Structure formats: structure tokens, C-alpha cells
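Residue numbers (my numbering), protein chains in the order written: chain F, 274 to 382; chain D, 10 to 574.
Calculated from the structure, these hints are not laboratory results.
Computed from a predicted structure; not experimentally measured.
Treat the hints with care, as some may be off.
Said to hold, decoys possible - Computed spacing ranges between beta-carbons, pair by pair:
# : chain 1 : residue 1 : chain 2 : residue 2 : range
1 : D       : Asp25     : F       : Ala371    : 55 to 61 Å
2 : D       : Ser94     : F       : Gly325    : 46 to 52 Å
3 : D       : Ser195    : F       : Gly325    : 51 to 57 Å
As the list claims (entries may be wrong) - Just a few of them, taken from the derived set where beta-carbon distance is under 10 Å, the chain D residues facing chain F:
#  : residue
4  : Asp101
5  : Thr127
6  : Leu128
7  : Phe146
8  : Ser148
9  : Ile149
10 : Ile154
11 : Val217
Where a beta carbon is used, it is the ideal one built from N, C-alpha and C, also for glycine.
Spelled out from the first residue to the last, the chains are:
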Amino acid sequence: MVRSNALAQAAGALSNASSGKWELDLYVVGATVMSLRAIANLEHICQQNLAGNYRIEVIDLDVHPELAIEHNITAIPTLVRRSPGPSRRIIGDLSDAATVLLGLEIIAV
Amino acid sequence: MHGVEKTPTGIAGLDDILEGGLPKGRPTLVYGGAGCGKTLLSMEFLCRGATQFDEPGLFVSFEERKDDLIANVSSIGFDLTALQSEGKFAIDCVRLDDANTTESGTFNLDGLFIRIATLADAIGARRIALDTLEVLFTSIQDPGIVRSELRRLFEWLKDRGLTAIVTAEAASREGGTRYGIEEFVSDCVIFLDHRTSDERAIRRLRVVKYRGSWHHADEYPFVISFKGLNILPVFTMRLNHEASDERVSTGIDRLDHTLSGGFFRGSSILISGSAGTAKTTFAFHFVRAACERGERTLYLSYEESPSQLTRNLQSVGIDVRPWLKTGLLRIESLRPTQYSLEGHLLRMQELVDDYQPRNVVVDPVTSFLRMGSMAHTASMLFREVDLLKSRGITSVFTALSQSDENEHSEVLISSLVDTWLLTRLVESNGERNRVLFIIKSRGMAHSNQLAEFVISGNGIDLLEPYIGPSGVLTGTARILQVESERAAAEMRVNRVERARERMVRKQLDIESQVNALWRNFDEERAILEESVLEGTDALEELLRLRELMRTSRWSSNDGRTDTSG
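One chain only, chain F, in its complex shape:
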């Protein structure tokens, strides 16, 4: 419960735009240090680079384990770019902003 609350707080604090070009799903398992670090890193990167034009959804596989199978999630955390364009994935706590920007094709190589 504590973990869920921590996660909910972290997710709720996200400054999501009502609509946006960028739709990002972040898969985590519980409110671990790694999960919270990934959420914080992602929020920071998006604020810096996407300027309100994004929406982040945090999915806790502890709560919805069937989604791990449905969406083929192996590594935790996994960030999935659902939009724009074809799906892209980044695994890890997103501590390296440059690889995240490259991986999401926010900036070109």
C-alpha cells in the first residue's frame, strides 16, 4: 500500500498535458527506488524537451501483471513510445538523458 501510494504520488505529480503528440507508457513494478527514479528522470526529460506536448502513463505490473504478457515487457523499467509513429522502447531507469532522447527520436542522431 505504501508502495502504491508512493507511486500514485509520483505519477500524480507528473505535469501531464491534457493532450499531446507524445504518448509514453512507463512500466514499473511497485514503488521501488528504481521506479521512482525512472519516473523522475522521465518527467525531467519531457519537461526539458517536449514542452507540455506529452502524456505519460505509469503502469504498475504488480497491479496489472497480465499487461506484462500482453505488452511483452521483460525488463523493468520499460518505457514505450506509443505515439508518434512506430513503437520504440527504452529499458532502464532513464538516467542517461541523451540515450533517452535518441531512443525516443526526440532528437536526431
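Chain F is already provided as a structure; the job is to place chain D on it using the hints.
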């Protein structure tokens, strides 16, 4: 100390080699090169668990697509879709598409753990297969993370008490796995090999390691058929066949008598001989006797078709058609090249399982010589003999002896059989006779080596032993006796012949002398008749010559006297 607790795989032959099965609740590593059968082995382990042992299984695939797996497994006789809907089986395909994936910072494999746990819980899995886990090494850049996560995974599997098979690629032949997966699996390691020899694929299985348990360390050939894997043990592990005292008829009265009652039930018999020495006919006498006793008999023919055999047997007074009709006799004609050697052994095993015969005939075993090396063929024949013996089946093998090579095979197989009959053509008195040698007969007092036999419209009959001037002769002595009598007769013939020739020469001699005298006389008479005209003195001379002729005719005494004058 008790051995480890085991989980039977249900795979034919494998549990024998593993002395019961895989270590229960522990992971086993199965590794080998591409196409070695590791995926099918792990699938069969799960399917048999689900169907035979009430142990639901989860298959986690890192390489193949679900549809492909379902299709592949249906080829060994399991319906994954049905098993899934019955809740006995679950499948998860983990796709690691690294092309679309970037790594940024640290991570773990909790997603994989959650998937496995979710599906395992849903079906109450007792077994799990991970195929091929080491794909993680190629899709994840940091091998340190993969190693630590795999260690965690194996601990987790053990904690949950899942009996697991983990597959891996072989680095090189017998050189361990490519990513050192064996480091995580310390309980049981199985190596699968798939190689080609003489253009024939040979699959082999070897238990490299089995902690806390005795196991069989040899390499075992195996085949993959529509019934799954079948591992062929060298022997039925222990030589504990029940030796029977019961006798079964050879189908030939006098041979039964010679063998003090017939073959032993459940023993193996070799009938060898050159072409045309009635090996098949001998075998069918045994078959006839078996069918008359009402025993199911399986005849494996590698040279002739059932119709050929049926027709040929009628000429020796054996009609097998009624038994074929009632199913008491089954003749299977197989081409030697139809299967690999292991395939033939498997086919025999299948036929025996299916038909449950009490007697089996293999005619001729020497057809297998075309199939592989001597050692390979011999090991297959050993297994065949052993398979039949272990089931108490009385078996007759025929062997064609022709070349040196075949002689070897005769010797090889003869060491495994209990009774060895050898048929030969023996020439004597200008005719070719068939003789039967009883070369060996374990555990019975068989009356010595040789008997002559004849084949007629009533089949084979052994002849009375030869009785010569020095008593009953059998075996080599009989041949020697026949031979010496033949020589003596020949010598007598020669003496008479030479005497006749001498007489003829003498007669020709005399006749030529007589002719010479006649010619002499004719010449002189001509001269005299001329001189008669010249004077009476000549007449005197003629009379004198006539007198001379008469004397000579009388002395030659050749019966030509009356033609003169």
C-alpha cells in the same frame, strides 16, 4: 544417503538413462547445436507431464513464435491448443526485439519474472521450460545484469519447486554452452548431438552430469518420430531377463528332438547360411508351429514382400494365409533403406508395442549391413536382440553368409543369441546336399553338430543319421566316411577301365598284323595269277602260299577264316 527425488519425463528411454527422471523441483540444462532437438525434448517433457503425470507445464519461448511451436509439437502427437484450454499447459513467447530497444541506465528482469509467475500460478504449473534463455545475452548489452538476473531466476525457480528444463546452444561439439549457462545449473546437464555420418543423420543424447544420482554416462542414439523422442538404451540396463525352462517347437520334429524339445521360450535364435539354404523356410516352420499353438507372431521381412513369401511357402507345404487373415501372423515388409538403423530399431519397437507378439522373426538381419558401419550395425542388432529378450519374446534372426564381412556380422550377432543354427550346401557323390549344423545352443544338451535335411512339398525334413560300417556317424565324421567311400569306388572304377583299355589295344594290334598278312597275300596272289599263264611252276607256288595263309588264319583265331577261300 538417499538419492535425489525425481520427476519422470515420460520420454521413452530417457527415464531409464536418468534412473527415474529429472531432479524434482530443480533446473536441468539441455544443450546442443542447432536442430539437435532441445525444443522438442522440453516440449515433450511438459506435454507428458500434463497428460501422464498430472503436472501442468509452462513453456517460455525466447526464440520461436507460438504458431510454429504449436505446429512443431503437433508433429510429435500433442495438441497444445487443447492442453491450453484444459488449463494444463501455458505458453509465453518473450520477444526481445533489440532493434527497437535502447538501454538507458540500470534495470532488472522483473517483467519476465512477473510473466512467469502469473502464468505458472494460473495453471498451477509443476514443470517449466525456458527455451532458449541465453538469447538474453545477445539482446541485453550488459552481461553483468543478465548474469545476476539469471542467478535470481534460478533461485526463484527452485524456491517455487518447479522442475525446469533450460535449453542452451552448444559453443562447439561437447565444448559447453556458448554463454556458460551451466554455471547456473548445477544439478543435471544433458547434451544432445546431431551429426551426419555416411549421409545419415544420427542423433545422440548424453547425460553429462547428474548431481547426487547415479546415471548412465554413455552416448545414446535417439530418434524423433510422430510419437516424440525415443532414446534407445544400449541394453535394457540390467541383464535380468527371466530365463524360461519352457520349450517351444522349432516346427521340425526331428530338430526338436535333436534340441531336446525345441528352443527355449524367450530365447534368441540365429539361422545363418549362404543363399538358397532354406533359412526362410526354417524360420517359417517355427512360425507355423507358433501359430498352431495360437501365439501371435510378427515376421519382419527385409527382402521379400508378404505375397512373395506366401506364394513361395506354399511350394514347401506351408500355408500362412489363414493366420494372416485371423491376425495371428503379421508380416511386415520393410526396405532396409527406408529408415536409419535407429529408425529400424524404433520401428520394431513400435510394431512390438502395437502388436504384442510372443514370437518375432527378422529375415535377414544382414540387410542392415548396407546401412552403416560394422560397429554401428552391431550395436543396433544388440539392441534389437535385447529389446525382444527383455520382453520375453522368442526371436529368430536369419543371416545371409556370403562375404567375409557378413561372416563378421554372423559372429557378432551369434555372441548374443542363445542358439545358432548354420545351414550349408555340401557336395558329395556328385550331388549337393543341405546340411544343418547346430553350432551352439545355450543351456541345452544338443545332440552333436550335423544333420542332413531335405526340402519337399511337405517342408523340411531332417534325415536319419548316417549309418556306416563303423556305426552311427554324425558331423564331420560322416562327411569323411562318405568321402573315403567315394574315393575307394573311384579307384575300383579306374582299375577296370585300365584293364579294358589294355584288351582293346591288344585286339587292335592283332587285327593290324592280320591285315598286313592279307595285303601281303593279295599282292603275291596277283603276281602268281600272272605267272600261271606263264607256266605250271607258278601253280605250285600258289598252292604253297595258300597253305601258308591257312596256317596264319588258324593262329590268329580271329573268326575271319570263313570269309577266305
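Query - Restraint outcome when D:Leu128 is required to lie within 10 Å of chain F by C-beta distance - result: 7 Å, holds
**Report entry** Residue hint D:Phe146, partner chain F, criterion CB-CB below 10 Å
**Finding:** 13 Å, violated
Query raised in the report: Measuring from beta carbon to beta carbon, are D:Ser94 and F:Gly325 in 46 to 52 Å?
Result: At roughly 48 Å between Cβ atoms, F:Gly325 and D:Ser94 fall inside 46 to 52 Å, so the hint holds.
Report task. Have a go at the D:Val217 hint: is there a Cβ in chain F nearer than 10 Å to its own Cβ? Result -> 29 Å, violated
Query - Closest C-beta approach of D:Ser148 to chain F relative to 10 Å, hint status - result: The hint holds - D:Ser148 has a Cβ within 10 Å of chain F, the shortest such distance being about 9 Å.
Query raised in the report: Quick one: are D:Ser195 and F:Gly325 within 51 to 57 Å, going by C-beta?
Result: The hinted range 51 to 57 Å holds for D:Ser195 and F:Gly325, with Cβ atoms some 55 Å apart.
Query - Proposed interface contact between D:Thr127 and chain F, which counts if any beta carbon pair is under 10 Å - result: For D:Thr127, the interface hint holds, since the closest Cβ of chain F sits about 4 Å away, which is under 10 Å.
Query raised in the report: Can the hint on D:Ile154 be confirmed by a CB-to-CB distance to chain F that is less than 10 Å?
Result: 9 Å, holds
Query - chain F contact restraint for D:Ile149 - C-beta distance below 10 Å - result: With a minimum Cβ separation of about 8 Å from chain F (threshold 10 Å), the hint on D:Ile149 holds.
Query raised in the report: Is the gap between the beta carbons of D:Asp25 and F:Ala371 within 55 to 61 Å?
Result: 59 Å, holds
Query - D:Asp101 as chain F interface residue, shortest Cβ-Cβ below 10 Å - result: With a minimum Cβ separation of about 6 Å from chain F (threshold 10 Å), the hint on D:Asp101 holds.
Checked against the numbered hints listed earlier, the structure breaks hints 7, 11; every other hint is satisfied.
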